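So the protein lines, in turn, are chains A, B and C. Numbering-wise, the first sequence is residues 1 to 294 according to full-length UniProt numbering. Numbering-wise, the second sequence is residues 1 to 410 according to full-length UniProt numbering. Numbering-wise, the third sequence is residues 1 to 329 according to full-length UniProt numbering.
Hints listed in this document are in silico derivations from the structure and should not be mistaken for laboratory results. Just so you know, not all the hints are guaranteed correct.
To be verified - Each computed SDA-like pair below joins lysine to any residue, with the alpha-carbon atoms no more than 25 Å apart: (1) B:Lys253 <-> A:Pro128; (2) B:Lys253 <-> A:Leu8; (3) B:Lys253 <-> A:Asp7; (4) B:Lys257 <-> A:Asp7; (5) B:Lys257 <-> A:Asp136; (6) B:Lys253 <-> A:Ile137; (7) B:Lys376 <-> A:Pro128; (8) B:Lys257 <-> B:Ala197; (9) B:Lys173 <-> A:Leu8; (10) B:Lys340 <-> C:Leu170; (11) B:Lys253 <-> A:Leu131; (12) B:Lys253 <-> B:Leu226; (13) B:Lys253 <-> A:Gly140; (14) B:Lys257 <-> A:Gly133; (15) B:Lys253 <-> A:Leu9; (16) B:Lys253 <-> A:Gly133; (17) B:Lys381 <-> A:Gly119; (18) C:Lys158 <-> B:Lys173; (19) C:Lys158 <-> B:Ala125; (20) B:Lys381 <-> B:Ala298; (21) C:Lys158 <-> B:Thr338; (22) B:Lys257 <-> A:Thr135; (23) B:Lys381 <-> A:Asp126; (24) B:Lys253 <-> A:Gln132; (25) B:Lys381 <-> A:Pro124; (26) B:Lys257 <-> A:Gly119; (27) C:Lys158 <-> B:Ala197; (28) C:Lys158 <-> B:Arg101; (29) B:Lys376 <-> A:Gly119; (30) B:Lys253 <-> A:Phe141; (31) B:Lys253 <-> A:Gly119; (32) B:Lys173 <-> A:Gly5; (33) B:Lys253 <-> A:Thr135.
What the hints assert, rightly or not - Sample of chain A residues with no beta-carbon within 10 Å of chain C, all distances over it, derived: (34) Ala10; (35) Ala60; (36) Leu82; (37) Ala134; (38) Ile137; (39) Leu164; (40) Glu165.
All figures in this text were calculated on a predicted structure; none of them were measured in a lab. Just so you know, even glycine gets a beta-carbon here, dropped at the ideal spot from N, CA and C.
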Amino acid sequence: MGTLGFDLLALQLFAGVALGAIYVLLAIGLSLIFGMLTVVNFAHGAFFMFGAYAGVFLAARGASFWASLIAVPLIVGAFGLLVERFLIRPLYGRGIDYPLLLTFGLAYMMVEGIRIAFGTLGLPFDTPESLQGATDIGIGFFPTYRLFVIGATAAILLGLWLFLERTRYGLIIRAGARDPQIVRVLGVDVSRVWLLVFGLGTGIAGLAGLLAAPLQGVSPEMGGPVLAEAFVVTVVGGMGSLLGAVVAGLLVGVTVALTSLFVPEMAKVSIFALMAVVLLVRPQGLFGRPGLLS
Amino acid sequence: MTATTRRRALAAAAAGAALAASPFRINVLRAQEGPIRVGFPVPLTGPYATEAQNQVRAAEVAIAEFNESGGLNGRRAELLPRDDRLNPGEAATRTLELIERERVNFIVGSLSASVQLAVNNVTKARRVIFNSISQSDAINEASDWSPYTFHEALNPHMTAGAVGRYVFSRFGKRVVFLTADYAYGHEMVRGFQRAGAPLGIQVLADIRHPIGQTDFSTLLPRIQALRPDLLIAINFGRDQQITMRQATDFGLKRSMKIVAPVLLYSARVAAGPQAFEGVVGGTSYYWRLEDTVPSAKAFNDKFRRMHNGAVPTDYGALGYGGVRTLLEACRLAGSTDTDKVIEAMRSLRYDYYKGPQYYRRCDHQSVQSVLIVESKSRDMKDENDVFNIVHIEEPNEANLRTCAELGHAG
Amino acid sequence: MAHATTAEPAAPRAALSGALERHRVLAAAAFLAVFPLVAPFEALAVNILIHGLYALGFNLMFGYLGLLSFGHAALFGGGAYLCGIAIVHFGAPWWVAIPAGIAGAVAIAAIVGALAVRTRGIYFSMVTLALAQCFYYIFYQASDWTGGENGLRGVDLKAIALGPATLDFLDPRTRYYVVAAFVVLALWLLSRILASPFGAVIEAVRENEARARACGYDVTRTRLLAFVLSGAFCGLAGALNALHLSIVPIESMAIETSGLAVMMCLLGGMGTFFGPFVGAAVFLLLESIVSVWTVHWQLVVGAVFVLCVLFFPRGIWGSILHWAAGGGR
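Here chain A stands alone, though its shape is the one from the complex (with noise of 0.2 Å):
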């Protein structure tokens, strides 16, 4: 290592930071549908990956950056609603298994329908003309369009906390998480919440794959690993509180960016050990009730 000078420490520490604002993306729709309806969503990835791909097409016929990033997550949303009616409604009250099998195969098959549809080779995704280049932070030069994903993270945390905390229906999808019979007693139609609920959080898994492609470009597999890291956070933070999401994948960010500069070959396996660490030492993760989901 030899000479670690601070400003590179703390480019290092941002740059994890970054990408926990990144992880935590990837997280929140995961997180929501997790939390909200106890459905283990396999192809939380396929709809990151869905996301993108309309975000190609979108480009392809004209569309600006801009007007995606509106219309993909209602694209998306669009296509989850309809999953949630035709595919996982029948599924409810049959345990957590049923809807983990139905969507790993509904992943297959997104997959495989995007390569017949675009082909198997990835395809490129330019970064917006206005976010190109690096932009000075003081303690180096960091990537724009980086910091733009920070910001868009943030508006994306901060317009859901205030729909879930701050409206009559934000109110009923915690209530209904909580106790649905209750809800249900109270004369509220419980199916249209969860509908609503899945709806959102595939959107926002869509969104999340659209604000990525300028990353990592586009490929039909680009799912993948998402669904894994996405599931780290989640249960590290705690089911269902997105609080818990936030602090997570800002942990996993930092954790990775620190591993990555002393022993850069165990970056990935370093967040599955310190999932181990957190659910030993408190099975509920960070920010979980305990009890949801045992």
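Knowing the structure of chain A, use the given hints to seat chains B and C on it.
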């Protein structure tokens, strides 16, 4: 269970019973009559599907050519492609199917080091010739090699050596390696270090990342801080595309030259011109070789005619070379008898698609040229024109590891 | 969860299924004896045997104890590697190598189990997943012993000496029957375990943990013991896989291999004796046959999963048992 599969199963059972009764006679029957069957396990699905399909297409060109020119005294050749899913276990199963059920004469194929070593382990125990068309150093070494093993592709040592000799003298001697942490990556690093030692290179860091990493942002600031002349990014496929893209985003190209030892046509197409702009690397074949090499022109034209004007990729061309050498060796031997074909392969001096080649006697490694290419975003003849060939290192046995070093007797 | 195995026979057609259940090992042996005649090719038939055994071992945790492990690849892969290492690095004969594989898997199961059995539900799945990833990494890095990413090559077992006779292990038919013999032995053992008092305790713990505890059973110990037993079966499957393919790919320890057991088990019918085997057979046959027709075989495989979940939630074998017992679909 359908009627056809049942019939097939019964036929297989009958064949199995006959084989048990008289293995020798059946073996002769299989070897000397009927079509020449070439098993071809490649990853037809998954991240390298496009590349694998190109390999199949190129192999079809070799088969068609052989059949149109009369086959082996009228015996035609046929190709049996199988999906190995880039998984060594699946590849071994498929190879067993090809040998035990389809009774193929030869196996050609593979697109990764671990898959080719798995296939090789199965073929050598059953004394079936295997011509590998993807890169590995281990397959040349005595512990994995067998007399039935041929290696038509380049290996990491040859590739890294040629690329190293080209870049170290032109772009500088202060080097950082960013290496995918597996045998292929380590073999490449060793090749660069061997080529660089006499030139006095200085390795500032060898950073190893796990295979399948999707974000390199936590590695790039450190590389930037080391201020090397050269960043040699030794990874493959999607790892490589993401590295190039993110290195571009972090502005690394402003202060250093980026080198990708294996620079593939399909990777460049998938990632786009921006990410690979100015990246230098090595390859076994690039279609623009047709400007200077007549056999490349002939091969490309045949490929274009059979496949709607498409051009063969680098690994695709290896599919052609791997199948054609075997079929030509059958002609030379006048039979498909394994021992005779091996002898004929060893005596081949061939120029089928990229200039002169031959198999070294001790390890059956194809001695061949290495192309150094540079990715471009301007002056493109058409959408397939993505590289400039900046240098060709001619075939030279001295650039291979010695037979003694690999553990071979002679 | 499917309880079709314990359902009272309610129709004449139940007589057959009842007989099948009573003599299940015999029935399995008879089926496996003729199976290679109908399988597309022997190597695939052997794969089905091995993965069936693997899913069976996994089912002990998932189907019988209700704990969903996402880390069984560590047990399958551990068995494969230890068996392979015994042969490649120590020149061990098969009758040492196979027990070595089982012992390796049991050791890994003891470590993973000791840490994981305290957790419940989805957290159990995640702890086993994380620990299995750590084992993957250890085996990946120990490339002097395991071959790393290149895989372990040279697990060459050419012949099996049995007293005066020698079996040619390279002959596909012989290889099948050798592996089948081990699988039948494992089926018999598992059948005995499930019929033993310990099997009853397992069932009691799954049905009502609190009551089992109140009855004086040590729930944590039961779980650990079941995990280790599961490891022994999966380890045997891994060891046989190493001998069958003559290599051990690092993929045998990967997440996908853990997922495979879950899928096969659910597809066939969890908690039923033969379900995992049926699931393995259907999954691998489907994959193998469809992949020769079309490169888009994943679309077909995915659709089969979706349809199975929607219309045959008991799994294939579970649905057959349910139908035989007089139930509807």
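Would you assess whether Ile137 of chain A, listed as outside the interface, keeps its beta-carbon beyond 10 Å of every beta-carbon in chain C?
-> At roughly 33 Å from the nearest Cβ of chain C, Ile137 of chain A sits farther out than 10 Å, so the non-interface label holds.
Take the C-alpha atoms of Lys253 of chain B and Leu131 of chain A, compute the straight-line distance between them, and say whether it is at most 25 Å.
-> At roughly 18 Å apart (the allowed maximum being 25 Å), Leu131 of chain A and Lys253 of chain B satisfy the hint.
Would the pair Lys253 of chain B and Gly119 of chain A pass a check requiring their Cα atoms to be no farther apart than 25 Å?
-> violated, 30 Å
Does the structure keep Lys253 of chain B and Gly133 of chain A at a Cα separation of 25 Å or less?
-> holds, 12 Å
Hinted pair Lys381 of chain B and Ala298 of chain B, Cα distance within 25 Å = holds, 19 Å
Claimed clearance of chain C by Ala134 of chain A, with the beta carbon kept past 10 Å | About 34 Å separates Ala134 of chain A from the closest Cβ of chain C, which puts it past 10 Å; holds.
Compare the distance between the alpha carbons of Lys253 of chain B and Leu226 of chain B with 25 Å, and conclude whether the hinted pair is satisfied.
-> Measuring from Cα to Cα gives roughly 14 Å; hence the hint holds.
Pair hint Lys381 of chain B and Pro124 of chain A, alpha-carbon separation not exceeding 25 Å = Holds, because 20 Å separates the two Cα atoms, which is no more than 25 Å.
For the pair supplied as a hint, Lys257 of chain B and Gly133 of chain A, confirm whether the alpha-carbon distance does not exceed 25 Å.
-> Holds: Lys257 of chain B and Gly133 of chain A sit about 18 Å apart, inside 25 Å.
Are all C-beta atoms of chain C more than 10 Å from that of Leu164 of chain A?
-> holds, 22 Å
Find the nearest Cβ of chain C to the Cβ of Leu82 of chain A and say whether that gap is larger than 10 Å.
-> holds, 13 Å
For the pair we were handed, Lys253 of chain B and Asp7 of chain A, check the Cα-Cα distance against 25 Å.
-> Judged against 25 Å, a Cα distance of about 21 Å means the pair holds.
The structure shown violates the earlier hints numbered 18, 26, 27, 31.
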